[in-house]
Amino acid sequence: MLKKGWLSRLKDGLQKTSEKLTQNIAQVFTHTKIDESTLEELEDILIQADMGTAAAAQIIVKIKKKAFEKEFSRENVLETISEEIEGILRPYAYPLEILPKKPHVILMIGVNGTGKTTTTAKLAYFFQKQGKTVAVVAGDTFRAAAIEQLQVWANRLNIPLISRHMGADPAGLAYDAYQEAVKMGYDVLLIDTAGRLHTNETLMFQLQKIDRVLKKISPEIPQSCLLVLDAMIGQNTYAQVEFFQKCLPITGLIMTKLDGTARGGVVVGIAERFKLPIHAIGVGEDAEDLHPFHPQDFARALVGLKDLNS
Amino acid sequence: MFQSLSDRFTKIFSGLQRHGKLTEADVTAALREVRIALLEADVALPVVRDFVEKIREKAMGQEVLSSITPTQMVVKIVHDQLVEALGSETTEINLAVTPPAVILMAGLQGSGKTTTTGKLAKHLHDKKHKKVLVASLDVYRPAAQEQLKILADSISIASLPIVPGEKPEDITKRALKAAKLESFDVLILDTAGRLHVDETLMDELKSISKLANPIETLLVVDAMTGQDAVNVAKSFKDAIPLTGVVLSRLDGDARGGAALSMRHITGCPIKFIGVGEKVDQLEIFHPNRIAGRILDQGDVVSLVEKAMETIDKTEVDRLNSRIEKGSFDLEDMATQLRQMLKMGGVAGLMKMLPGMGQLKDKLPQGGVDDRAIKRQIAIIQSMTPRERRHWKLLNASRRKRIASGSGTSVQDINRLLKQFEGMSKMMKQMSSLNKRGLLKDGIKGLFK
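Residue numbers (the working numbering), protein chains in the order written: chain A, 1 to 310; chain B, 1 to 448.
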């Protein structure tokens, strides 16, 4: 099967968002001119894309300045919205970079079911393609078959998996994995962790312990701590980022499940509020379905502008 | 649970309470807040519109304006509307069919289907005394079938042996056959997580549904789901005959607006809620209690029910009669502390108590944790029975002895005793409240 380019895959992924949003916006602007009630409806549409009331209001204010009581074509309004979104996202879009000092340790964290393990595997593949040597650590020693799940991925990608039995202390495992990574000279060490609700203090302490144990080796380890966010989840994403950031120094975000969902707008508000880099997005279940975060493509695809293919 | 929503409402209505009378402007202002609150709680927009309009219609009526206590009326209208929107009554799981009763679990990736399957199996086994077989049809995600098997083994529930490479439809047939032959009462089919826009997998789900002919088809939805809940609900509803919804991860903070959306869009009752990672943390959904929780009226009924499950009945009776009499000693306190631990610790209890939404933010971060409770139990255990009954006996030297006996300090003992005094005062207040009928009539009593 011919693999499509990543841009069109991103487009496919965001197509549903686009269609929905475009359809709604089209409805608004074919029926009425840009007055208060139109703006209100437009705000509702953005809210429906999970942008949240604050971020949506901000965009509406800008639209109002530019377009209020004026003749505006649909393309122009879409353009303006997409530019606004892009403008908000741009300062926070930079790729995940690997420092020269080996091994570069990446700690993967997040709530249950956001796709940490899959994203861990995708990242392993991403670095592997760059010619780096990668090892993955099955730090989710809690959930049934989590270790097996990562094992299957490690086999597929033909990379080493460092694991212990179920129920083992993930902090101890992380420490040993680091020692092994040093011994074997791996470039990148990806540590998967168990999903946990950010409100579960005990489990958050456990996460801190992993970080603490690694920092004992050297204060700059882990060099990256990535929070995996699920695009399906609405405004609770704010609480997740806030709580995890309180617990650990997060260095970046990855948003998953942007392939089928009609949403993902929460990223806009998140970027603005927490000023955390968004490294990548997940748009499928295969190893290659992880892409760098491009604010322009993201914003344009989000509002359904056609020139994504070019 | 639903904390944000209840925080919001509490703020709105404490604003209303400052006014003597409810004006039209008040209603409009309150409704604007209700709208924002619901949107921020991730209730889907169409549902929000509907909800707000219904409240407006009712609140603007003559009834409210001529009422003596307009605030209470608005609270009641919002409460009633919430209950209605959530589905007015509890709907139990339906197993009324010639065994095996087939339950099909469906949902997106990461919504918690497999964990819920395990929880449901345990629930049906423990509470309904059913012989349950579980089978995973997830041949896509690595180790998904193993996950269910391990989970089932850990709670002594039978699971269908895994045959590598078998297709979901074939697993279904084999599971049905096994369930019949080995006379299981219930067969739970755990399907793979799928996107609602993935046509191939949705078709597969349809064919599994036709093949299995389930009496219950439950859609498992993450309680944190955003606006897309509408699309998910619609797609699944159109594909297969849904009979109910399970909301997972309601133990997290906030939101849970998905509960309102799912009910509204699918028209199916929410049957269960997942409130933790442990296998027994599945609860039956009670719409009126949740509505009460949203309004921060507390969830006294849930609290009592949970207490009944975890607490020795005779102990409860003994305690209740002591509380009523207003006599409450350190032994009772220790019993209570132990029960608190059993019921999910401080955090678990706080969520269920009325008014805690506002209080929550004022508490120091991590100020009360379960280790403190354990330490307090240790202190009380280091006292003699006589000391536990008559705390005033505790002079400096006795306190010193207790401190060294329990591995704490005299300050800890002092703090505990102060807390005990506070508690016994509260118990007295509660017993007088009880006589006023608040606890007897529950939340409804407030609106009389």
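Think of the hints as simulated: they come from the structure by calculation, not from any bench.
Cβ atoms here follow ideal geometry from the backbone N, Cα and C, with glycine treated the same way.
The reader is advised that the hints may include incorrect statements.
Stated by the list, open to error - So, partial list: chain A residues that the calculated Cβ filter (under 7 Å) puts toward chain B: (1) D44; (2) I47; (3) G87; (4) I88; (5) P91; (6) A93; (7) T141; (8) A145; (9) E148; (10) V152; (11) N155; (12) N158; (13) L197; (14) M232; (15) Q235; (16) T251.
#### Entry: In rising order, the numbers of the hints this structure does not comply with
Structure breaks hints 3, 4, 5, 6, 7, 11, 12 and 16.
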